[in-house]
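**Q** Now for the letters of each chain:
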Amino acid sequence: MKIALCIKQVPDTTDIKWTEHNTINREGVESIINPYDVYAIEAALKIKNSNQNTEITALTMGPAQAESMLRKTIALGVDKAVLISDKKFAGADTYATGKTLSRAVQSVLPDFSLVICGQFAIDGDTAQTGPSIANHLNIPQITFVQEIVECTTDYIIVKRQADDGIETIKAKLPALICVLQSSEEPSRATINGCKHAQKSEIPMLSMENLGLLPEETGIKGSPTYVSKAFRPIITRTNEKIFYSGSSAAALKDKITEFMAGANE
Amino acid sequence: MSETKEILLYAEITRSKYIHTVFFELAQKAVELAGKLGDCKISALLFAEPNHLENYKDGFLKSGIDKVYVFESEKFNTYNTELYSKLAIELIEEIKPEIMLIGATNEGRDLAPRISSALHTGLTADCTGLDINEKGQLAATRPTFGGKLMATILCKTLPQMATVRPKVFKPLKNDILRETEFAIRKPDLSEFRAKTEILDFVKTLENEINELDSAEVIVAGGRGVGSPEGFDLLKELAKALNGTIGATRGAVDMGLAPKTIQIGQTGKTVRPKLYIACGISGAIQHLVGMQDSGKIIAINTDENAPIFETADFGIVGDIFKVVPELIKQFEK
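Chains P and R, in that order, give the protein sequences. Just add 191 to wherever you are in the first sequence, counting from 1, and you've got the working numbering. Just add 7 to wherever you are in the second sequence, counting from 1, and you've got the working numbering.
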């Protein structure tokens, strides 16, 4: 069984720089693996543990520096990695990103059974890229996956966080799942994994390699664009008192005042 | 003469068979947007089981909805991504709305990107502001980078789509009565075979995730709460304030609270009217998940805890003293 693992390197949210076009400047910014994608890796490794002949390929769309993140995923037990990188991909929204990633999955793993993504990326937090990939691949999707119950070569059964409870859902493969955080301890790199990571060739695919046109990718291929970015103005009064016998009464008055203001 | 524009709203039906409250919040916003667009009608998309429409009609008649496209089939007893998106896409291609708004529930967040992607159009998630700009475009404003920046996003294609979380917009204050037309369609689904199937459903007794999204008051605890009993105390306060409880990652890691109520960078992002942080120091990873709350109150023994810099009002003191006294105050 072949698994495509779509992951993303995200800028550290405490250190943000914007380009003149109001898109995110990812170069030279401290980058981390998207926390939800760590759980996507775990889900893929869990399936691999219970299914012989499973091969996991990690894909990421991003600048050249994202290669280091891919190498780290190989150290964790992922088999192969592909970097999808091209200046023309810059400024892509979730539609264009989904299109590009789906094309990469088709190109690298035409016989894939399962695509696994993190539910959200902490930078954009749109939760849209996974369903966009599924749409472009014309396969079913299951979002908000909490746990993988069973996965065979024909189907997958998962627990999904619905708005009002937990659904157990079965999907025929090929399918795409978006995973939430799980309570399981993330895997650590193994010595063999590290050796494999050092030796691995990580191919880089460009727009041309994927047979995409400039108008289908990046900012040109995106239906949406950022017209304005600004810092939210949140003013807090920072009033602070030390505990005394009358604190609770003062606090009650504040709560009453705050709730009355909010309901105006 | 220009054609009448249309704003389409998704009317989500919950498993308990009522129209999700977020629909009425979207309706209120749609009335405002339609007013700015000029000649514009508001319609709703409803998937209902046969003979269920009567139960929902009242909600539409009072919310300023001109027309409801009602799809009827027994297959609509539960949401299915493939089926709902397929029919929604066909409808949108037929009626060509200017704007489509969907509630950012787990169902809406599953459905919306599937529709927008198939229609090659743009979708802005979790908007906190929607407006019509001088060119008549939908200007969708949303927080990004964990609330550090706000971005106003425009869409080059139609429909311009956006999702909005529950409780972000205010619901209708007064009824807006319209002569709502109900256009019932009975799609032939005999050939449709879903590739996904719900095998089982367990209703979460304390539906905390949903409550964090919709609660007006959240009482959250950090490491400083110290014990599960401490969280029981916070629950009591939350109950007195008609709210719900949340926790920091630190508290979850210590086993004081379940992961489902974790707030912060790797947990939920919340925006209640009032957030009461108890025994929370205020690490940036937690702040990004709650800093957009209406008002913030902090209770912490450490007067230098960073949480006080993000709070409107703070008490330097022990939560085990302050919280029980506060509960008593509200019981008076």
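Hints may contain errors.
Simulated restraints on C-beta separations [as the list claims (entries may be wrong)]:
#	chain 1	residue 1	chain 2	residue 2	range
1	P	221	R	236	36 to 44 Å
2	P	433	R	262	39 to 47 Å
3	R	10	P	301	21 to 29 Å
4	P	422	R	178	27 to 35 Å
5	P	453	R	246	15 to 23 Å
Capping the alpha-carbon separation at 25 Å, the derived lysine-lysine pairs in DSS-like fashion look like this [said to hold, decoys possible]:
#	chain 1	residue 1	chain 2	residue 2
6	R	48	R	180
7	P	361	R	202
8	R	48	P	445
9	R	202	P	443
10	R	48	R	174
11	R	24	R	193
Hints were generated in silico from the structure; no laboratory data involved. Each residue gets a CB set at the ideal place from its N, CA and C atoms; glycine is no exception.
**Q** Now tell me if each hint is right for this structure.
**A** The hints, checked one at a time:
Separated by about 40 Å at the C-beta atoms, residue 221/P and residue 236/R satisfy the suggested range of 36 to 44 Å. Between residue 433/P and residue 262/R, the C-beta spacing of about 31 Å breaks the proposed range 39 to 47 Å. About 44 Å separates the C-beta atoms of residue 10/R and residue 301/P, a value inconsistent with the hinted range of 21 to 29 Å. Judged by the Cβ atoms, the range 27 to 35 Å given for residue 422/P and residue 178/R holds: they are separated by roughly 29 Å.
Take residue 453/P and residue 246/R: their Cβ atoms lie about 19 Å apart, and the range 15 to 23 Å holds. Between residue 48/R and residue 180/R, the direct Cα distance comes to roughly 20 Å. Compliance with the 25 Å bound is thereby established for this hinted pair. Under the criterion of a C-alpha separation no larger than 25 Å, the hint pairing residue 361/P with residue 202/R is consistent with the structure, at around 8 Å. Pair hint residue 48/R plus residue 445/P does not hold up; C-alpha atoms about 43 Å apart against a cutoff of 25 Å.
Proposed proximity of residue 202/R and residue 443/P is contradicted: the alpha carbons are some 53 Å apart, above 25 Å. Between the alpha carbons of residue 48/R and residue 174/R the distance comes to roughly 24 Å, so the proposed pair stays at or under 25 Å and holds. Note on residue 24/R and residue 193/R: the hinted pairing holds, with a Cα-Cα distance of about 19 Å set against a maximum of 25 Å.
Checked against the numbered hints given earlier, the structure breaks hints 2, 3, 8 and 9 and satisfies all the rest.
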